[in-house]
Structures are given as C-alpha cells and as structure tokens.
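Trainee: Here is how the chains run, residue by residue.
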Amino acid sequence: MTDVCMIIGGPQGGGIESAGQVALKTVVVKGFNVIGTREYHSNIMGAHSYFHLRFTEKPARALRIPVDLVIALDAESAFTHMWDISTKSYFVYDADSQDQEVSKIPSMESSLKRRVKEALAPKGGATVGSAVKFVEEKGAVPVGLPLKSILKKVSDETASPLSAIAKTVNIIGLAAGLYLAGVEYDYIAKGIELQFGNRPKVLKPNLVAARIAMEYVESSFGKQKALPNGPHRGRSRMLASGNDVVAMGKVLGGLTFQTFYPITPSSDEAFYVEENMYKEDVNGSKISILVLQAEDELAAINLALGAAAAGARASTSTSGPGFSLMNEAISMGVMAEIPVVISLWMRAGPSTGIATRQGQQDLLHAIFSGHGDTPKIVVASGDHREAFFDAIKAMNWAEEFQTPVVHLLDKYLASTVAVLDEWELDVSNVELSRGKREDSPGSEYMRYEITEDGISPMAPLGKVPMLISSLEHDEHGHVTEDPVDREEMVAKRARKWETIARSIPEEEKLVLHGDPEARVTIISFGSTKQIILSAMEELERRGILTNFVQFRVLSPFPAETAKKLLSRSEVLIGVEMNFQDQLSFLLRAHTGIYVPHRVRKVNARPLYDTEVVYAVEKIVREGAKEVVVSGGA
Amino acid sequence: MTDVCMIIGGPQGGGIESAGQVALKTVVVKGFNVIGTREYHSNIMGAHSYFHLRFTEKPARALRIPVDLVIALDAESAFTHMWDISTKSYFVYDADSQDQEVSKIPSMESSLKRRVKEALAPKGGATVGSAVKFVEEKGAVPVGLPLKSILKKVSDETASPLSAIAKTVNIIGLAAGLYLAGVEYDYIAKGIELQFGNRPKVLKPNLVAARIAMEYVESSFGKQKALPNGPHRGRSRMLASGNDVVAMGKVLGGLTFQTFYPITPSSDEAFYVEENMYKEDVNGSKISILVLQAEDELAAINLALGAAAAGARASTSTSGPGFSLMNEAISMGVMAEIPVVISLWMRAGPSTGIATRQGQQDLLHAIFSGHGDTPKIVVASGDHREAFFDAIKAMNWAEEFQTPVVHLLDKYLASTVAVLDEWELDVSNVELSRGKREDSPGSEYMRYEITEDGISPMAPLGKVPMLISSLEHDEHGHVTEDPVDREEMVAKRARKWETIARSIPEEEKLVLHGDPEARVTIISFGSTKQIILSAMEELERRGILTNFVQFRVLSPFPAETAKKLLSRSEVLIGVEMNFQDQLSFLLRAHTGIYVPHRVRKVNARPLYDTEVVYAVEKIVREGAKEVVVSGGA
Amino acid sequence: MARKWLDYKTDSWVQWCPGCGDFGILNAIYRALAELDIDPSNLVVVGGIGCSSRSVYYIKGNAIHTIHGRAIPVASGVKLANPELTVIVTGGDGDLLGIGGGHFVALGRRNIDIPILVYDNAVYGLTKGQAGPTLPAWIQTKSLPHPNVQGSLNPLLLAFAAGYTFIARGYAYHLNQLKDLIKAAIQHKGAALVDILQPCPTYNDFMTNEWYEKRIYYLSEDPSWDPVVRSPQEHKEKAPKMLEKMMEFDERIPLGIFYQNTYKETLEERFEKIMNGYLSSPPGKRPLGKRPIAHPFQVFKEKVIQV
Amino acid sequence: MARKWLDYKTDSWVQWCPGCGDFGILNAIYRALAELDIDPSNLVVVGGIGCSSRSVYYIKGNAIHTIHGRAIPVASGVKLANPELTVIVTGGDGDLLGIGGGHFVALGRRNIDIPILVYDNAVYGLTKGQAGPTLPAWIQTKSLPHPNVQGSLNPLLLAFAAGYTFIARGYAYHLNQLKDLIKAAIQHKGAALVDILQPCPTYNDFMTNEWYEKRIYYLSEDPSWDPVVRSPQEHKEKAPKMLEKMMEFDERIPLGIFYQNTYKETLEERFEKIMNGYLSSPPGKRPLGKRPIAHPFQVFKEKVIQV
Ligand SMILES: Cc1ncc(C[n+]2csc(CCOP(=O)(O)OP(=O)(O)O)c2C)c(N)n1
Ligand SMILES: Cc1ncc(C[n+]2csc(CCOP(=O)(O)OP(=O)(O)O)c2C)c(N)n1
Ligand code: SF4
Ligand code: SF4
Ligand SMILES: [Mg+2]
Ligand SMILES: [Mg+2]
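Protein chains in written order, with the numbering used here: chain F, 446 to 1078; chain C, 446 to 1078; chain R, 6 to 312; chain B, 6 to 312.
So that you can see chain F by itself, here it is in the shape it has in the complex (with noise of 0.2 angstroms):
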C-alpha cells in the first residue's frame, strides 16, 4: 500500500511553496490523498523553510518523520534534514554542494550547526559529503543530483539565459524525488501545469527541467518502479489550506465585513476573504464583503463591532499576539451584547515568539480573555473539514447569542493543505441564522430587553433610536449604577449563558472517537486530531487500544458529558501544545477529573502521528507520566 511521506528544503523565496503545490497537485491527480505542510521562518528570503508532505490511498491524516524521501535543494537543507530520512529511503541533495561547510552557511542557526557538526565530526569534518554518508549509514539512498548542469541543459533546451531559468531548481529536485517516488513524468507535468498553467512563460522551463531531473535520474540511478495510481480519481477534488477553508466558510456563510491586521498565521485568511469579496454572480447571486486592513487589532475588532451594531455579519482574524491587544473589546462586546467572531489563529508563543510556528498555548487565555466576568463562545476546529463549518456556525452563534465567539485555529491547520472531497463540503443542510434579528422594531424597542433566555431582539442601527452601551445599563441601554438593575442584568447576562450553554448541543461540543469501550483514553483539542485519529489506528496495530475525546467547544465547557465519556477511562491522557497543559486545567476546572499523563510538544513543530504513537506506548507501556515528543526540523 502507498504511504510515502517526503520533504523538499531550500532556502525562502527559493519556490518551496510552489514546488510543495506542484507535489500535492501531481499526487492527487494521481489518484492519492494527501496532505502537507509548509515550515517557514519568519524571514522573506534566505532562511530554510521546507514542505513536508504525505500521501497516501488512505485518509491523509498526518506527517510523520522519519520520511521516505528528502529533497534537499541547498547545503543547509541537507544539513537540517539529515536526521530526518528513515531507512530505504532516498536523501535527493545537489551534488556540487558536497564540499560545502556548515561553518559556512551564514542563514542557519547556531545551536543547529553545533549539533550538525558534533554529529558529523565522526564522518570527518561537517560538509555535506559527511551528511550524505551520514544518511547513507541510517539506510538511505544517497542522489546527488549535478545541479549546475541539469540548470546548464534546461538552459539550453529552453534557449534561456542561465539567470532565466535558475528558479527551476525546485522543480528539478521535486521531479527528481517523485520520480525516486514510482510518480511518473505525465503526473508531475499535469502538476506542473496546474501551478503554472496560467504563466506560459514559467510553464515552460519548469516543464522541461522536471523532464530532464527524471531522465538526469533514470539514467543514474535506473528506471524505476512505477507506482500504482491511487484509487481516488475520477472527480473533482479540492486542495485548500485551513487559512482557506476558513475564508469560504466565511464568505459562504453570509459574512459581510472583515477586518484585519496582517499577522502570521491568520492573515492569509484575511487575503483570500479580500481575493473573494466580490463576486457578480453566484448562482444568482452576488458576494459582496467589505474587507478592510485596520491600523492596529484594536481598531480591527472594534471596526467589525461598529459594523456589526450595524447590522453587519462581522468578523476578524487575527493570531496571539493581536488577539492580546483585542482584549479590551471583547470585554466591550460581552457587555453591549454586539456578535462578533474572531478567527484566533494560534502561533508559538509567549509574545512575539516564534512568529510562524504551531502552537497550541491561547486556550486559557482565549477563554479568560477581558475582563470582568466575560464568559464568551471558544469553539477549536479538529480539521479542515470542522474548520469550514465551524466558520460559519461562528458566525451563527455570534449573532443568535450576541456575543463575540473566538474561533480557535492554529499555525498547522493555517498552512496545511488538505485535499477536500465535494461531499465533505456540502453545505445543502448548512442553515445560516441571526437569531433573534429584529428589523422592523416599533418605537418602544429596548435594546437590552430583560427576556427569560437572556437574549434580547436585537435590531441594526438606523432604524428606531436605540443605546449601545459598554458601561452598565438598563433595558434601554441607558447608563445605570443602580444596584437592583445592576444584579437584574448581571443576571440576564448569567441567563444567556446558560441558554448558550443549553443551546449547543453536546455533539457539537465534543466527540468520542474510536471504541468507546477503549480502556486508554486520550483528551485533545484542536488540529492535533487527525494526528491523534492516525496514530490511534497504529496503536491498535500495535495492541494499544484507545478511544479520543476531542473537545470541540471549549467554553461553554460540556463537563456532564466529558464526564460520562470519561467515566470509564482508566488511562487518561492529554495531548497538548503547550506546557501548561491548558486544557487539562480546564476539564478538571470543570469535572474534577484529573489528567495523569499528558503528552506535550513545545518545541513549535508541528505533532506526528509517530509521535503520538510512541508517547502513548511509553505511558501505556511504561507508565510514564510526562512525555515530551520534539521531532522536527
């Protein structure tokens, strides 16, 4: 069965990104699912950055290292992805830089060149020629792929300068690793063509340097084994990133006005909200989003709740760092009662952090954000899937419960592309709601009406006088420091927590994965799901059966359930991204259930399901209590 799982790395600006698309294209045109990454710095051009992608006939749930294949398109590549191959697999470098020192490579990070050069000592000296005996030793294959002059014959054929054609590098160790692969040349050319198609200019060269890199390939190394083409083809299929699947479910779901300030991982949703704003004619019908670039996060949250006072369907995005400064309005938004849903795409922090890595360490602050009492709705989504709807129920309990709801995401769902069947889409029983939405309100409308469910019909401004008030206030929205209707609206403000609480169906909070009678239990929220549903199905390959509770909606928290579910676990472990073991904290706030075993990953690289995997079997196994997993380049 194929499950190949392989990393192409060079330099940023160097055409990772669009070496990675072609790769999830070529493979899913050739019938596989897959799913993959990109691994960045927080740099524009020069620093290592690198796609890791897996494919397979299966579900593509999660990466794994080691992989089956490296790319390594610069020295430093070979350098930082040397630990990373596996046995049988192949180690693709360019093999004019094999004289190349890691002393000498001025982008890569010190602590990696001591670790490289302590590991290479024994194979005499740190040069890439040492990594590739380095690998060669662990099992791998070795293709040292001359670099200079396959640019040279690319060059030539394509009858352009040099300079013209040096971009296709990515392309000629992309082809060359597919091929390594069993992916033939028609395959890579169709991915090839899905990326470039619309640049006829780039199309070309990329074309004839992959053809090429095979041929560079089959005659070194021999012809290889063709793989059997995956069983999904046949029909049309998605490729999306989570920043993406976001944004449709935003615009599909009747969004009219966005704000952002750019911020990695969050803005690329932002982006492709804004590519989409506008739009003739959908099926009759017309998209039509403001999409506005604020000045700061303050202005951007408080910009979408103007807006939503308005009568707008408002939303922000944004990640920890914005998300700190927004504090202050979503306690603003608790107390005037104005929805408003903010995309928290989280990132490895505290503070500015490591700008474009995962982390998973906001849960607590998201859902103890504001001051002053501001219970709010924090919904985390598992996948892309979960991602796209989750947006728009968001946006739909946003405006039923007139609150501001934290739509919590991640760094690794961001960037991750997963491919999308059209029925995991369907959206045909998706109903988009506003909840007690009053449009016409007679002249005795009282914006903040004491109601028994602690909702009041709420109506846009312009159309009968109304107050909207950050500062206590009665039914009408005047100020008031009454105590009687201070508790009155403490009170209704408690109510319609309770009636959020009851409203969201406990299905929707979480769910149990796997075999409810499973005695070893994990807990997780988040993008860790598909890692964790993954590594599950090795586990119990490997007699470790478990279940998987993953908590959906993180406040209001569903304890009755997660206590039942939990009730009969008599292994408990928390998955998590952090080192505060977030949500742990909040479940035994809640239940009193405690977490004994907790597996972290800090070190802002993505979870592998084989590292899940190993941290259950060491706790099952071992009994060991803390496991901390730290794979990744």
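If you are wondering where the hints come from, they were derived from the structure by calculation, not from laboratory data.
Here are the simulated BS3-like pairs of lysine-lysine, each with C-alpha atoms no more than 30 angstroms apart in a straight line:
(1) Lys-549/F / Lys-9/B
(2) Lys-731/C / Lys-194/B
(3) Lys-731/C / Lys-269/B
For this one, chain F is given, so just place chains C, R and B with the ligands on it according to the hints.
Mentor: Then chains C, R and B with the ligands, alone, in the frame of chain F:
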C-alpha cells in the same frame, strides 16, 4: 460596647468626601477604631454619593447595613437610604425638603425612583415627608434639620454671605448626626481642625456650623448622652486608604519608576506616589521617583518594561480596562523576562461597567492574561496592612524572578480608609531585594543564560552589550527558531516557574483563619478578608463555628497546602464578588476540590459582614447552595 | 415639518458640572442637527469615555457608548457598514487625541465621512483633572501635584498631516458660530475635525472662559478668508497660509474653518469603485439567505482539480 | 582610538532580501555611530517588529526587540530610566506610524531625546507586502488584490504637529547623506524623526529606486536653507516655508533636515527641574537599600494623627 455604623449622603461635589474625612478623624480622636468608605457615581458633580463608616472599640473590620445613623443632606439621599436604617437609629434629613417629590429629582436613577414610589405609595406619595414616615415606622428616629435657618445663623455668626458658607451643610449634617451618636463638640471640632487646619478661611465657618448644628439638636431633641471615649488614645495613628498604603509600600519599597494612565479606582495610588515622588531628606536618604502619565495603558506598561530593563525598579497601576490593554506587553514581560509590577485595582465589569464601584471579576483574567503560556505571579491583598507589605513583596518578586507580578486589589480597598497603628506597618524586618541582579557583568554576559533554577543573572542596560527579545531566543537573547533552542527555553521558563512556586513560602500564599477544627470553611480572596473575619465572630456567637482559608497568592497556586487545609471541611463555602465563582474554579482546577456552596455579590456594592452572616447561616442551616446578597445603595 | 432643536434633547439628566463648556457644545449640536433636519433614527452618535463622551445619552438618536479611545474605529465600522447613516463622534481630547491618537490619525488616511467633535478642555475631566494632550507644558492646573512636564500637540496640524479633509476650530460658548461649524462638518463629505475649545471650570483653572475670550477671533473676520480647496493646485497654493493659521495659538487663537478639501474621495466612494453596488447595498443592509448561496466547489474553482 | 564602522557590525546573519534598502540604512547607522564614536555598551537600539526592526540584532550594542508598535514607549522607558544612554529606535512605517501611531505622536509632546529612524517602505514587509500607512491611495503594489483604498499620511507633518524638535528625511541608498542625517538626529537633544525612504524591492514595485531617484533632491542644494530655529520668534517666521517643504511629495521629493528646534527643553530636562538630581542619579541607577529607608509614619506624616 460602642459599635456604630453610619451613612452620610449628598450630591457629588457637595462635601461628602470631606465630611467623611472629618468623621473618620473625629472618631479616631475619640479613641475608636474606624473604617470608612465612599460610594460614588462615575460623575464629577451632582450625582448621589455617600460615605459609609463604622467605629468601634474592637478592630473595625467591616461595614454593615442597616446602619445606626443616616445623615441625608438632600432629598435624593433621604430616598436612597430609607431602607438602610435599623430600628433604634437616627435619620437626619433636611427638614426643608419635606415636600420634595422623588419624581422631581433629575439626578436619580430611574429604577430607584420606581422603587421609592412603590414603597412610599402607601404613605401617600413619594415625598421626603413620606420617606420620613417610612423610616419612623421601621423604628428610626427622624431628625429634621432646618438647614436653611441653620445656614442663616452660620452666615450671621461668621458675618459671611450665605453663598460663602453654603458649603458647610455637610458639616452641619455630620455634626448633628455625630452629636446624636454621643460625640461631643470638642472631638468634632478636633476632627474639623485636622481636616481644614491649613485653610483657616474654611476652618472657621465649619467650626461655627458644627456648633450651631449641635446646639440645634440639643435644643430640639434634648441633651444627648455622651459616648465614653474609646480605648485607643494616647498614641499616633494613621488614617489611610488602600490606594494610599499601596503607594506607601511602593515609595518605601524602593520604587524608582512609576507610570500610569488615569483610571478609577487606581489613579489615586499613582497620584499619591506622585505627591511623594521627591523628598530631599528622609532619614538621610532621598526619595526620587519618576512618575509619568502615559498616553494609554499600552504605553504605561511598555514604559515600565523599558525602564526596568534599564535598571529601574518599576511599576504601573491600572484597573480592568487598562489591564486588558496590557495583555500583549505582559506576554512580552514573560518572554523577555523583564520585572514589572502591575497593581490591578478591580472594579465592576465587564467593559467600562460601573467604573467607581466594587467588583472582583478579574482574577482569572489576571492569571491568564497574555497569549502563549504566560505564567505570572498574582498576589491578592486582603486588607490595608497586607496591601502595604504586598506592594513591597511584589517588587521584590518581580525583580527576583524577572517577571510581571500582578498585585490584585479592588475598588473597595482603594477607597476604604482604615486606621493603622505604628506597629502594624513596622518595616524594620522588611528586606528589599533584586535577586540575581548583576551590576558588573563581564563581557561574556548572556542575558538568558540557562541555569538550573531557570533564573539568569540580570544586568541593567548600559554595562555591556546584551540582547533582550520578545522573540524566542537563545541564551544571548538572539532570535532563534531552532526546535532544540526553543524547547530548551520553554523548559528554562518552566523551571523558573517551578522555582517561583517553590520559593514563595506556602504561608504567604494562603492563610487559615479561625479554628482549624471548624467544620464550616469559607474560602475567598482579596478585600473580603476582614469582612469575613468580622462575620465569623458573629457566626460563632450564633453557634456556627467557621474557619476561613484566605488565598493570597493565586498564581502560583498553593494546591497541596490548600488540599491539606480543606480536607477536613464538611461545608465548603466560596465567597466571591463575581458571577463566575472564579476562585472556586481555580481551586478545583488545581486540586479537584469542588466548592458546593457559593455566596455571591454582584451588585457592585461592598460586601457587608451582615450579609456573610446571613448567607452562611442560610447555607449551614438550610442547605442553600447559592446565596446572592444584594445590600447597599 | 422640520425638526426643532428640542426634538434632539433626550430626557436623560445631563451629568455635567454647572458652567461646563460641554453644555454649550451639546446645544450647538442640537441646533446643527435641527437645521439639517436629521432623522434621529438615522443618526448615530458614538462616544468614547469621559465627561464629553456622555453626550451620546443626551442626543436623540442612536448612541454607542464605546470604550475609552475607540470611538473612531467603532464609528468607522458603523459608517462603512451603512453609509446612509449620519455618524458623529463626540469625545474628549484625552480620548480622541491621547489614548485614541492612533485611530485619530488613521481616520485621516481613510477619509471616512465622519465628523469628529473634540471637546477640548486640555484635561482629563472624568478622572479628576489630569493633564490632557493639549495642555501646554509647565501649566499647573488644579489637580496637578507638579506643573505639566509634557508638551501639547496641535490637533489641527495633526488632522492635516493625517489627511482630514475638513478642519475647524470652535468655541464651546459661542453657540451660533459653533453650530455653524458643526453643521458644516456634518455636511462635509469626508473626515472632519472640529476641535472645540471647552472650558472645564472644575479642573482647568488656566484655560478659562476669560483666558479664551481674550484670545479668540474668527478667521471669517478676514473677508478674503476662503478655506475651500477644490483641486490639488489650489491645495498647494493655499496650504501654507492655512498652516500658519493652524499654528497660531498664543495671544491670538483663530476660530472657524481652516481647511476644507472638496476633491478628495471618501473611503466609501473608493469602496464603491472596487465593489460595484457597495453604497446601495452595504454590509449592514445585505440580507442573509437561509442557506449558503453555493457549494464551495462552485465558488472557489481555482482550488478545485479535476482528477 | 576612535571606533570604525565595522566595530558596530555584529556577526548575525542579516536576514534581508537582496537589494533591500534596509542594508543602506544599516550601513549609514554604522557609520554615524562610528563618527560619533559611541560606546556600544552605552548604546541601546530598540526595535518593533518588522523586517526593519530586526536591525537591533545587527548593530553592536544593547538591543531590545520589543513587540509590534511599542518600540517608542519601551525606548522612552529606557531613556528616562537612564538618560546617559544613547537610545535609538529603528522600525518600519507600519510599526511606527500604523500600529504605533499613538506613541509616535506622544513622543513629540514629550520631546524625549530619542531619534526615531523610520524605515519607510510604504509596505508591511515582513508580513508579505500589505499597504503601509505611507502608501498613496490607488497604488496597487504586488501583494495587493485591489488598489490601496486608504490614503497615506505625511510623517514629517505628523511629527511637526506632535512637537518633534528635529525632522528630517533621508534616502536609504544615499549612504553619506543619510549617515549625516542620522548623526545629526542622534546629536540633536530631543525627539528626532528621520523618515528614511526605503525601497522594498520584494514588495513595493511602485516606489522603486528609479521612482525615487527621479524625484529626490536635497534641501541643502539651496544654500540659504537653514532649518534651525533658535527661538519662538524664529520658529514663527520659518515654519510656513518649512511646512511647505514638508508637504512637497510628488514630482519632487526633498531630502535633508526640514526643521530643528534648539530651544525647546527635553522631558529629561523638565524632570530635572521638578526633581533635583534626577539626571545624575536617574531611576535606572539609583541603588536599592537593604531595607526601607523609614517607617511610613515618618514619611507620610500628613496621614498621621496624634490621638
Ligand atoms: C482603557 C481605559 N483607560 C482609562 C479609563 C479611565 N478614563 C475614563 S474617562 C478618562 C479621560 C477622559 O478625558 P477626556 O477624554 O479628555 O474627556 P473629558 O472627561 O475631559 O471630557 C479616562 C482616562 C478608561 N475608562 N478606560
Ligand atoms: C500585535 C501584532 N500585530 C501584527 C504583527 C505582525 N507583524 C509583524 S511585522 C508587521 C508589519 C511590518 O511592517 P513595517 O513595520 O512597515 O516593517 P517592514 O517589515 O516593512 O520593515 C506586522 C503587521 C505582530 N507581530 N504583532
Ligand atoms: S469635570 Fe470639567 S469637563 Fe467634566 S463635567 Fe465638570 S466642568 Fe465639564
Ligand atoms: S521584504 Fe522588503 S523590506 Fe523586507 S527584507 Fe525584503 S526587500 Fe527588505
Ligand atoms: Mg478632556
Ligand atoms: Mg514597512
């Protein structure tokens, strides 16, 4: 035994604050302990405010309603406080306001007006006259002061025009009331002198006014029996608010840099530091503190962080909305390991809420402020004495552990004036420390040196080149995205957090008050301390033996000790002034202990000991799960 | 029948101190609204936090009492979501030029059609009289323990630098003139500043009514004064003189309209250019369907591969 | 022995794209520091977040890499805590004039002795090329899906309105002239702005080197140009001309020093006036005693009553 509680009410700007100050000083001079607080609207002039005060021979720990004496300087006060009177009390009011109707008072909250109208309907309409009947029926003795004619007399005796002495009505009312309570003229005169002594033009008419008022009461209601003097005479005593004592702690604790952005109820702390920022000669030393008003709270904390990096002992001070704005910088403080103290004066939220009123709703927000796994120290003071010493401790901890420290306080503490004896503020055993401060770093100095306890020596800027960074960094402070560096630094910060948890003694983190054997245990934090202590005495009298675990350091949370202390309790009661039961949540999260009984106060008024007594009885005797108390005008 | 100024008065108790300049401003607003006959249902007054910001409760219409310093972004959100509304910002110098300074600047760049009425008392009134961003250095008003060590900024120049297209200064106690300025600001299409000198008798004992009355005069006293620029060329020619006037703030303080740019487009107009129909069916008024209008495969075609 | 510019270069890898204007700026900074022979131990470079802000790692000295938009308050804290340090802010237009705009304005009011070097590329470089606050309206640079609907602000005017006492504009690729401007900004006592036009070859394909080179010229080409004002009177006389020059930004873009005020006190000097000895024993250098210097009853006497 003397134990008198009184209220004096009138319009903002009408001298309520100074009447309260005079009252405080008067009863202290008379030998009593005292506690007093001002309740006021977020308004400069005209809205209702009142001073609430209790004096007694015993420690003055808490306020209560009903009171023994209401002094209503205007009609609004008469209406507002007509419910607050106990049987056998005095209700002093302006006899000339007899016919004033509640509906004619523009400044009054409309729902209070409604309640007054309802209550007075059976009395023949909502006039002050009816209110007087109302209180009379409750057993109070109404004392109508003919304010106009008294003022006329004052004007005549001082040979000043009416307009010049009109402001003395506050003292007229106060003197009349105090006289009824048995305080003789000489003491009141002393109180007035202490208050106005340095403004002779104001002093004189107030003395005259007080005398005339008392003469009037004597002539109309007979000579009152003088109260025997209290036992606390013959020594120096201090009257200071919570704002004052925190400022004092900062000034004496070595603060050199304080920023603020004005916000109630924090700014009076900053102002008091500012008033004392420069003193040429104190015991041969100089006080010299730079106090800077920032353009916003973002600047306030970032200025303090910059100053701390440059070697200053730095703090800032704010309330909920401002604290919300500080979230991002707090996260930077954690990442860049910069010491800073944030005095957080809680008030009624969410959002702007009721700016000048009590709330304890920011506990969880304070603990989880800032994105990205950002543990920080949070210490909550229970009373003035603690607040003073905690202000010093907070600065020590901030510098010893190079971390943001949140000093949690609230509006009640802020504006409550307590009497303090010299020994209570004894600083002779207080140590000031800066931890691993390195004043002569060598050229090999690394700002983030990895150490076993997670704490790196800290040198101020200006000694030797160094890097301070909000990005993930290596030991030098240089930005790094390397996964190994990253994990090491996360681990370093985690170790530091363990060091903090270990280093702060458990007995500073929580305190058990009362009989360890008691079966009923109250838990709480912050300014409820003395109120609960006072209630415990009464409860014991009523046959309910309680103890009280006061949580002082909420982060790091003293989980093990808490478990130990709470293990024997049969009835566990949380007393909190928020609606999310934030302390109970935290306790359960850390220990699994569920707090089944809750006493809540959310009407933005101070908690009274009488309410705690009522609620605990209800819980213990009737098994109530949750008791919401709602006293206060 | 046209509305009267009293039609804009709410029955809320006005919480200001006796003699506060804010009363004058409020009255001028009532009158400006009445003369423009603005439908209260269509009016949105957005305030920050401060004495001045409480105005929102006193003007009949829709009100948003936001948080300190954020009135401008909230108001911008309202206006962009529904450009048919008349949106006005009322707030203090501390609110709009201190904590909200960044947003004040950003509004100029956007040129959204919102008049910003700054109740400029040079102090933080509601928090008891600290120095505001327009209080000159070394002045020690009542509440200050020391003279003000921070300098003051010039709101008019700031607005000009940021790109406001209408810049005026008024005086709180000159009801009629102020009314006209506010009217003009509302009528102007674009970001408009009216910096309103406002005595705070309670805390600003330096910039008192007397202090101001001695200094203020109207630009319109010079019959040749024409603040309107209708083209970049005219802008270039007139700007130096206008800036000179904006800088005058010492023994003489000019009032009136300093600058009005009639050719620069508003953000709303710009959005209409990139989103046809935006103005007629803006975000706040677009109806929400019962279901998504299409399947994602139909809409985001560039992401779909035919395998 | 005086230092050489290479003495200010760290061995960090400089992460900018090839041809980035930031290289020019960095080199000019090295040279300015060398000519002023500033002791690296005494130098504190404070950056926000952005391509430009990374400069802090490349200059030998103390560095604080703060958060986005907050370099100015952090730097102000450093400087006020220890005025003997040379404190420099480096950052982008987005950082200093966008998200940090409020602090940019506040610094002018304070006139703290800090030079602000704005790497002004009119885009948000590090986040991949969105419009910055100085990008003119309707320009559509590479990364933008639509032309820029927001207008631009004028950093020089903004600084003037806020109270900066030194205002200059330089060009990233004119090493020598820029070096002189930065030197002058560091030497100036007070808040100084150097707005540095900086081509971003990766994202700003409109304001390119060619675009700039066609337009820029130096104020000093006019031998009578004297930007220094030594008194309020001189200020009044010269300001209109200076402002006119600050506004010139179209076919011609002047570079050089536009304005330098030598008579306005810095905040540090003002603090010294209200706190004798502040400068010689500032907050960052005051030693901490082992114990509080006195009992509160001795210090806060006005709160103590003899009963
Ligand atoms: C984030 C935040 N910080 C501080 C405050 C406290 N605050 C309320 S009003 C005010 C200043 C008001 O001054 P200004 O805006 O000039 O209005 P004025 O009262 O003078 O009319 C401040 C600082 C707040 N509400 N929120
Ligand atoms: C609070 C916050 N919001 C957003 C970001 C993301 N961010 C990083 S750099 C940057 C903009 C940089 O632009 P500029 O300041 O002009 O610097 P340049 O890269 O152009 O030199 C942004 C928005 C952040 N780090 N923090
Ligand atoms: S404090 Fe000043 S601004 Fe506020 S209401 Fe009173 S007079 Fe007006
Ligand atoms: S993106 Fe632009 S500003 Fe940033 S390094 Fe590259 S060229 Fe320079
Ligand atoms: Mg003001
Ligand atoms: Mg920039």
